[in-house]
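4 protein chains.
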Amino acid sequence: MATDPAKQDLIRNAAIRVFARKGFHATRAEEIAEEAGIAVGTIYNYFESKAQILLSIFEREFDEEVGLYESLAKSGVSVRERFSKILSAHFARLAESRDLAMVLVRERYNGSGEIGEAMAKMQRKMLDKIEKLIQDGVDGGWLRTCNVRMVAPALFAVVQSINEAAMIYPETQQKAFLARAPEELAALIWSGLAHDAKGALT
Amino acid sequence: MATDPAKQDLIRNAAIRVFARKGFHATRAEEIAEEAGIAVGTIYNYFESKAQILLSIFEREFDEEVGLYESLAKSGVSVRERFSKILSAHFARLAESRDLAMVLVRERYNGSGEIGEAMAKMQRKMLDKIEKLIQDGVDGGWLRTCNVRMVAPALFAVVQSINEAAMIYPETQQKAFLARAPEELAALIWSGLAHDAKGALT
Amino acid sequence: MATDPAKQDLIRNAAIRVFARKGFHATRAEEIAEEAGIAVGTIYNYFESKAQILLSIFEREFDEEVGLYESLAKSGVSVRERFSKILSAHFARLAESRDLAMVLVRERYNGSGEIGEAMAKMQRKMLDKIEKLIQDGVDGGWLRTCNVRMVAPALFAVVQSINEAAMIYPETQQKAFLARAPEELAALIWSGLAHDAKGALT
Amino acid sequence: MATDPAKQDLIRNAAIRVFARKGFHATRAEEIAEEAGIAVGTIYNYFESKAQILLSIFEREFDEEVGLYESLAKSGVSVRERFSKILSAHFARLAESRDLAMVLVRERYNGSGEIGEAMAKMQRKMLDKIEKLIQDGVDGGWLRTCNVRMVAPALFAVVQSINEAAMIYPETQQKAFLARAPEELAALIWSGLAHDAKGALT
DNA sequence: CATGAATGAGGATTCATTCAT
DNA sequence: AATGAATGAATCCTCATTCAT
Numbered sequence: 000m001a002t003d004p005a006k007q008d009l010i011r012n013a014a015i016r017v018f019a020r021k022g023f024h025a026t027r028a029e030e031i032a033e034e035a036g037i038a039v040g041t042i043y044n045y046f047e048s049k050a051q052i053l054l055s056i057f058e059r060e061f062d063e064e065v066g067l068y069e070s071l072a073k074s075g076v077s078v079r080e081r082f083s084k085i086l087s088a089h090f091a092r093l094a095e096s097r098d099l100a101m102v103l104v105r106e107r108y109n110g111s112g113e114i115g116e117a118m119a120k121m122q123r124k125m126l127d128k129i130e131k132l133i134q135d136g137v138d139g140g141w142l143r144t145c146n147v148r149m150v151a152p153a154l155f156a157v158v159q160s161i162n163e164a165a166m167i168y169p170e171t172q173q174k175a176f177l178a179r180a181p182e183e184l185a186a187l188i189w190s191g192l193a194h195d196a197k198g199a200l201t
Numbered sequence: 000m001a002t003d004p005a006k007q008d009l010i011r012n013a014a015i016r017v018f019a020r021k022g023f024h025a026t027r028a029e030e031i032a033e034e035a036g037i038a039v040g041t042i043y044n045y046f047e048s049k050a051q052i053l054l055s056i057f058e059r060e061f062d063e064e065v066g067l068y069e070s071l072a073k074s075g076v077s078v079r080e081r082f083s084k085i086l087s088a089h090f091a092r093l094a095e096s097r098d099l100a101m102v103l104v105r106e107r108y109n110g111s112g113e114i115g116e117a118m119a120k121m122q123r124k125m126l127d128k129i130e131k132l133i134q135d136g137v138d139g140g141w142l143r144t145c146n147v148r149m150v151a152p153a154l155f156a157v158v159q160s161i162n163e164a165a166m167i168y169p170e171t172q173q174k175a176f177l178a179r180a181p182e183e184l185a186a187l188i189w190s191g192l193a194h195d196a197k198g199a200l201t
Numbered sequence: 000m001a002t003d004p005a006k007q008d009l010i011r012n013a014a015i016r017v018f019a020r021k022g023f024h025a026t027r028a029e030e031i032a033e034e035a036g037i038a039v040g041t042i043y044n045y046f047e048s049k050a051q052i053l054l055s056i057f058e059r060e061f062d063e064e065v066g067l068y069e070s071l072a073k074s075g076v077s078v079r080e081r082f083s084k085i086l087s088a089h090f091a092r093l094a095e096s097r098d099l100a101m102v103l104v105r106e107r108y109n110g111s112g113e114i115g116e117a118m119a120k121m122q123r124k125m126l127d128k129i130e131k132l133i134q135d136g137v138d139g140g141w142l143r144t145c146n147v148r149m150v151a152p153a154l155f156a157v158v159q160s161i162n163e164a165a166m167i168y169p170e171t172q173q174k175a176f177l178a179r180a181p182e183e184l185a186a187l188i189w190s191g192l193a194h195d196a197k198g199a200l201t
Numbered sequence: 000m001a002t003d004p005a006k007q008d009l010i011r012n013a014a015i016r017v018f019a020r021k022g023f024h025a026t027r028a029e030e031i032a033e034e035a036g037i038a039v040g041t042i043y044n045y046f047e048s049k050a051q052i053l054l055s056i057f058e059r060e061f062d063e064e065v066g067l068y069e070s071l072a073k074s075g076v077s078v079r080e081r082f083s084k085i086l087s088a089h090f091a092r093l094a095e096s097r098d099l100a101m102v103l104v105r106e107r108y109n110g111s112g113e114i115g116e117a118m119a120k121m122q123r124k125m126l127d128k129i130e131k132l133i134q135d136g137v138d139g140g141w142l143r144t145c146n147v148r149m150v151a152p153a154l155f156a157v158v159q160s161i162n163e164a165a166m167i168y169p170e171t172q173q174k175a176f177l178a179r180a181p182e183e184l185a186a187l188i189w190s191g192l193a194h195d196a197k198g199a200l201t
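Chains as they are written, first to last, in numbering that gives the first Met the number 0: chain A, 0 to 201; chain B, 0 to 201; chain C, 0 to 201; chain D, 0 to 201.
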C-alpha cells in the first residue's frame, strides 16, 4: 500500500470529477483511473476500495470544516461573526469546485456498510459543532432560545440547499446563486434566530 | 404489463420499506418481491424496472404535495395559513411513514439516465410551486423582499432537514423530533421571512 | 438459491470433468458452465462458490465411503473381509470415474479458508473410521499390535497411491493398474514385502 | 538474471515457510519477499516466476533423494539396509523442516503448464528409482515377487502419509509421529499387518 | 543488483431482467 | 397473471510481473 499523498490527491480529484459527472454508483473504477491517467491497479495501491475514495472525499471536507469551527470557537469572535466566516468559507470552497460540491450533496447517503457508518459518524460530528455554535449564541444572548437539536440540522440543510438548487437549475444560473448565497442565507438565518429579530446579519 | 393499482401499491410500499432499510442501490429486486410476498417476476408485470419503482414513489409524493399547493393557491387563504397547512400536511405524511421520508431524502439523486432526468424534473416543478408561494407572499406584503430562487430551495431543505436529523440521530430520539418539528420550523422560517420579523407563525 | 438435485449433479459432474482436465485453480467458472451446458449465473443458483463445488465433490465421496465403513461395522463380518470389501468398493468407484479419482487426489489440499477447514475435517473423520477398523482388528486378534494413529493414514495413502500412480504413468497403463490394484494392495497391507511373509489376503 | 546461490536459498526457504502456511496458490509474491526480508522485484532477479520457485523446491528435494538412491545402488549394501537408510534419511529431512514436508505433500499437483510437466517428470523419475530398488530386492531374493509398478507408488505414499497425518492431526501430536515413524513404517512395509507376520525390519 | 510503485489482464461473483411453464 | 430458474453482461478487485530509479 503506497502512501504518496500527491498521488492520493490525484486519484481523489479524478474521482471527484467522475463522481460529479456520473454519480458514485454509475462510476467504474476504470473511469477514475482513466481520468487520473493511471492504471486501475494503481488506485488500489492508494485506496482500499471505490467506497473508500468516496469516504476520503468526505473526510477531507469535513475535517476542514470542523477545523474551521474549532479555530473559530477558540478565537473569541462573536457568534454573529462566526456565522459570517463560516458561510463565506463554505461558499468559497464550493465556488472552488462545483464538482466537489455536487459529490458532497449527491452522495451523502450512498455509503453502505462500514463506509455508510463512517459517513454518518462524520455528519453527526459536524452537527455537533453546529449545535455548539448555536448553543453558544443562545447562552451569550445573541440568539433566541430554540431547540438546537432541530435547528442545527435545519441550518446545515439550508446551507447545502444552495448546492442542490444549483444542481437542479441550469448551468448558467449556477454562478449567480453562489455569488449571492452568503448574503441571502445570512439574512434568512439571522432574522430567524436573532433575539429580537431586528435586522439582517450584514 | 398489468395495471391492478392495488398490487402496484403493494409492490411500491414493499419497495419503500426495503429502500429505507438498505438504500436503493443495495436493494435487490428479489428482496422487494420477498417483502411484498410475491415472486420477482411479478414485479416486472407492474413496473418496467427497479428504477421505475423509485421514480413512481417520488411521483406519487410530489403529485400529492403539488396538488396541495395548487388547491391552496385556488382557495384564497392567506400566505400565512398556506404555510401552516403545508407544514402540517407535510409532517403528517412523514409521521405516517418514516420509511417513505427516509427514501425521499436519501434517494433524491440516485436516479441515473432517464429516471434521473424525470426525478430532477419533478423536483424543479416542486420548487416552482414553492417559489410561486413565496412570491405571492412577497407581492401581497406578507413577506419581505427576497431572492425567491434561493429562498425556495432553502425552505424546501429546512423542512426536509428534519428527516435527515431523524436519520442521523438514534432511533429513540426520532419521535421527539417529529412531534416538535412543525412548531419549531415554523418559528424559524417565519421569523426569518416575515416583513417586520414580529413573531412566530403560531 | 435453487435446489433441484439433478441440476446440482449436472454441475458437480461437469466440474469434476473440468477440474480433472485443468486443475481446480486453473478452471474458470465459465468453463464449468460451458461443460454443463448452462450459463455461469446458474452455477451460483446451486453453489455458493467455486470452492463449494469442490467441497461438495469431496463431501459426496467421503459420505459414501464413511457410509460403507459404518455399514460394515454393524454387519459383523470379519476384519479380513472388511478390508476386502472396502478395497473392492473403493476401486470400483475409481474405475467408474477416472476424473473423479483425479480430482480427489489432486485437490485434496487445495481448499483454503473455510473450505480448507471443512475438507480437513472430512479427512479426519475418514481417518477415524480407518483407525477404528484397524483397532477392531487388533482387539479381535486378527491384526498385530500397531500404532493405529500412524498405520491408518498409511493405509489411506496406500490406497490413494494407486490413483496417483495412474495419473503419473501414461493413460494406456491406467486400466491395468486399477484391475490389479485390490489384490496387490491387499497382499501388501496384509503381509508386507518380506520374502517369507505368511500369505496374501486371498 | 542473478545467480548468487545464497540469496536463491534465502528466497526458496522463505517461500517454503509461506507456502506451508498458506498454500502455493494463496501465497502472493509480496509475502515471500516480506518473509525473506527483500523487495518483490528481487525475487524476479533469481527466479523466473512464482511457479519456478515451487519447482525449484521440488527439484532440490528430489535431487537429494535420487542422489541417495544412486549412491546406495552403487554401494552394494543389502536391500534391507537400503530401506533402512532411505527411511532414516527421509525422516531426518522431514524432521529438519516440517514446512518443507508440508509443501512437498500439499503442492505435488499444483503445477500447471510447463511447471506441471516438470514436476510430474520428477515424480516419475523418483518412482523409477523406487521401482528399481524393489526389483533388485525381488531379484536378489530379499523380497517376494510383486507388481513393482504398483508397489513402488504405494511405498512412496506410505512414507509420505506420515506428513499428511501430521498435517491433519493437531500440532501437539506431530512430534510423536515423527519420532516413531521410521520404526512403525518399516514394520508395516516389511511385514504387513497380519497378526502372524514374521518380524519387523529391525 | 535492489527496490517497490505501476501495470492491466484476468476471473469470480452479482443481480436486473426475461420467459417458459 | 404469477412464478422463479436461467441468463450473461457488467464490474470490482487481485496480484504476478515489469522497469524506472
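Read the hints as simulated data drawn from the structure, not as lab findings.
Wrong hints could be hidden among the right ones.
Chain copies aren't distinguished; within one or between two, either way the pair holds.
[To be verified] Below 20 Å or equal to it, Euclidean Cα-Cα: the simulated SDA-like pairs (lysine to any residue) are: (1) Lys21 x Arg105; (2) Lys73 x Glu116; (3) Lys49 x Glu29; (4) Lys84 x Arg105; (5) Lys120 x Ala13; (6) Lys73 x Ala50; (7) Lys73 x Glu183; (8) Lys6 x Asp135; (9) Lys131 x Glu183; (10) Lys131 x Thr26; (11) Lys21 x Asp98; (12) Lys73 x Ala119; (13) Lys124 x Glu29; (14) Lys73 x Tyr43; (15) Lys124 x Phe176; (16) Lys21 x Glu113; (17) Lys131 x Glu113; (18) Lys49 x Ala25; (19) Lys21 x Glu116; (20) Lys21 x Gln122; (21) Lys124 x Glu95; (22) Lys49 x Lys120; (23) Lys21 x Ala50; (24) Lys6 x Arg148; (25) Lys49 x Ser111; (26) Lys120 x Arg20.
Going down the list of hints, with the structure as the test:
Proximity of lysine 21 to arginine 105 under the C-alpha cut-off of 20 Å is found in both arrangements, the shortest distances being 11 Å within a copy and 17 Å between copies. Taking the shortest Cα distances, lysine 73 and glutamate 116 never come within 20 Å of each other, neither inside one copy (29 Å) nor across copies (45 Å). Taking identical chains as interchangeable, the C-alpha atoms of lysine 49 and glutamate 29 lie at most 20 Å apart only when both belong to the same chain, with a minimum of 10 Å there against 23 Å between chains. Taking the shortest Cα distances, lysine 84 and arginine 105 never come within 20 Å of each other, neither inside one copy (25 Å) nor across copies (29 Å).
For the homomeric pair lysine 120 and alanine 13, neither the shortest alpha-carbon distance inside one copy (25 Å) nor that between copies (28 Å) is at most 20 Å. Taking the shortest alpha-carbon separations for lysine 73 and alanine 50, neither the intra-copy value of 34 Å nor the inter-copy value of 48 Å comes in at or below 20 Å. For the homomeric pair lysine 73 and glutamate 183, neither the shortest alpha-carbon distance inside one copy (27 Å) nor that between copies (29 Å) is at most 20 Å. Taking CA atoms no more than 20 Å apart as the test, lysine 6 paired with aspartate 135 passes in neither setting, with 41 Å inside one copy and 53 Å between copies.
Taking the closest pair of Cα atoms, lysine 131 and glutamate 183 come within 20 Å of each other only across two copies (18 Å); inside a single copy the shortest separation is 23 Å, beyond that limit. When the C-alpha separation of lysine 131 and threonine 26 is checked against a cutoff of 20 Å, the pair qualifies neither within a copy, at 37 Å, nor between copies, at 37 Å. For the identical chains of this complex, lysine 21 and aspartate 98 are intra-copy neighbours only, at 11 Å inside a copy versus 26 Å across copies, given an alpha-carbon limit of 20 Å. Proximity of lysine 73 to alanine 119 under the C-alpha cut-off of 20 Å is found in neither arrangement, the shortest distances being 26 Å within a copy and 42 Å between copies.
When the C-alpha separation of lysine 124 and glutamate 29 is checked against a cutoff of 20 Å, the pair qualifies neither within a copy, at 33 Å, nor between copies, at 36 Å. With identical chains, the CA atoms of lysine 73 and tyrosine 43 are never at most 20 Å apart, being 39 Å at best within one copy and 56 Å at best between copies. Taking identical chains as interchangeable, the C-alpha atoms of lysine 124 and phenylalanine 176 lie at most 20 Å apart only when they sit on different chains, with a minimum of 18 Å there against 28 Å within one chain. Only between protomers do lysine 21 and glutamate 113 lie at most 20 Å apart by alpha-carbon distance; the minimum there is 13 Å, versus 23 Å within a single protomer.
In this assembly of identical chains, lysine 131 and glutamate 113 lie within 20 Å of each other by CA distance neither inside one copy nor across copies; the values are 27 Å within and 42 Å between. For the homomeric pair lysine 49 and alanine 25, the shortest alpha-carbon distances inside one copy (12 Å) and between copies (15 Å) are both at most 20 Å. Proximity of lysine 21 to glutamate 116 under the C-alpha cut-off of 20 Å is restricted to the inter-copy arrangement: shortest distance 12 Å between copies versus 23 Å within a copy. Taking the closest pair of Cα atoms, lysine 21 and glutamine 122 come within 20 Å of each other only across two copies (19 Å); inside a single copy the shortest separation is 23 Å, beyond that limit.
Neither within a single protomer nor between protomers do lysine 124 and glutamate 95 lie at most 20 Å apart by alpha-carbon distance, with minima of 24 Å and 29 Å respectively. Taking identical chains as interchangeable, the C-alpha atoms of lysine 49 and lysine 120 lie at most 20 Å apart only when both belong to the same chain, with a minimum of 19 Å there against 29 Å between chains. In the homo-oligomer, the alpha carbons of lysine 21 and alanine 50 lie at most 20 Å apart both inside one protomer (15 Å) and across protomers (16 Å), since each shortest distance falls under that limit. Taking the closest pair of Cα atoms, lysine 6 and arginine 148 never come within 20 Å of each other, the shortest separation being 39 Å inside a single copy and 40 Å across copies.
With identical chains, the CA atoms of lysine 49 and serine 111 are at most 20 Å apart both within one copy (12 Å) and between copies (19 Å). Taking the shortest Cα distances, lysine 120 and arginine 20 sit within 20 Å of each other only across copies (18 Å), while inside one copy they are farther apart (26 Å).
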